[in-house]
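Residues 1 to 215 (UniProt numbering) make up the sequence shown, in order.
Treat the hints with caution; some may be incorrect.
Below, computed lysine-lysine pairings styled on DSBU-like, alpha-carbon distance capped at 30 Å [claimed, not checked]:
(1) Lys45 to Lys2
(2) Lys17 to Lys2
(3) Lys190 to Lys102
(4) Lys4 to Lys17
Computed spacing ranges between beta-carbons, pair by pair [said to hold, decoys possible]:
(5) Arg172 to Pro29: 22 to 30 Å
(6) Glu162 to Arg34: 23 to 31 Å
(7) Glu162 to Glu129: 21 to 29 Å
(8) Arg74 to Ser41: 18 to 26 Å
(9) Arg172 to Leu215: 34 to 42 Å
(10) Thr142 to Arg38: 22 to 30 Å
(11) Trp138 to Arg172: 41 to 49 Å
Keep in mind the hints are simulated off the structure, nothing from the lab.
Quick reminder that beta carbons are idealized off the backbone N, C-alpha and C, glycines included.
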Amino acid sequence: MKGKVLACQTMADEVQKVLPPDLDLELLPYALHRVPQRLQSELQKRIDADTDHDTLLFGYGLCSYGVVNLCSERHTLVIPRVHDCISLLMGAREIYDREFAKHPATIYLSKGWIDQGAEPLAEFKNYAETYGNEDAQWMIDTQYKHYQRVVLIDTGVGCREELALYTRSVARFLNVAYDEHPGSVRLLTKLFRGDWDREFVVIPPGRMVMQRSFL
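Whole structure, please, built from the sequences with the hints as guidance.
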């Protein structure tokens, strides 16, 4: 396999933690998540532009259907069979599903999400610069009013104490509960090793990624 990894910037530390030296890596901006059509378009551009590899591995899940309809005439495409990167950070789709069943109204943070400012406290500060504190607070209250918990996923990257301290501050800002959950790079390790069992969607050249493949 002459492979390359395409991954979201929020997964950078976890990916690099277990990336073998024989795999290339290309990180894409986090903000693409906000418009799934843009994510799909950008991923397809990277696929079409690549002529140096025969296998492309994705540090993404279904991600609001951002990977649906991806295709290549020259590459095998391999994507973890998960809904989004939270399952990747936890190490298994089943782990996230169990957590969601118990606590659906949860915001999950990791080092990458915090580094990218992809959380309520950073969003409030950005809104406040444009709209002022009062309007910024209203926007945050509206956006996050149904959430009841903020959870740090500890994948063993970065300083756990600093990440926990910051995540607690996000929970206090929203006036919700704080918790921690152990993370894992198990799925990423399997992806990079070529251990592609039922936990992965494997698309051969000439085929298209379908939504039903993630059921």
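Here's how the hints hold up against the structure:
1. Note on Lys45 and Lys2: the hinted pairing holds, with a Cα-Cα distance of about 19 Å set against a maximum of 30 Å.
2. For the hint pairing Lys17 with Lys2, the CA-to-CA distance comes to about 20 Å; that is within 30 Å, so the pair holds.
3. Using a Cα cut-off of 30 Å, the hinted pair Lys190 and Lys102 holds, with the two alpha carbons roughly 27 Å apart.
4. Distance check on the hinted pair: Lys4 and Lys17 sit about 16 Å apart at the alpha-carbon level, within 30 Å; holds.
5. At about 29 Å, the CB distance of Arg172 to Pro29 agrees with the hint of 22 to 30 Å.
6. At about 26 Å, the beta-carbon gap between Glu162 and Arg34 stays in the expected band of 23 to 31 Å.
7. Remark: the range hint 21 to 29 Å for Glu162 to Glu129 is upheld by a beta-carbon distance near 24 Å.
8. Distance hint for Arg74 and Ser41: a CB-CB separation of about 19 Å, consistent with the stated range 18 to 26 Å.
9. The hinted range of 34 to 42 Å is satisfied by Arg172 and Leu215, whose Cβ atoms lie roughly 39 Å apart.
10. Between Thr142 and Arg38 the Cβ separation comes to about 24 Å, which falls inside the hinted range of 22 to 30 Å.
11. For the hinted restraint 41 to 49 Å between Trp138 and Arg172, the CB-CB distance of approximately 19 Å leaves it violated.
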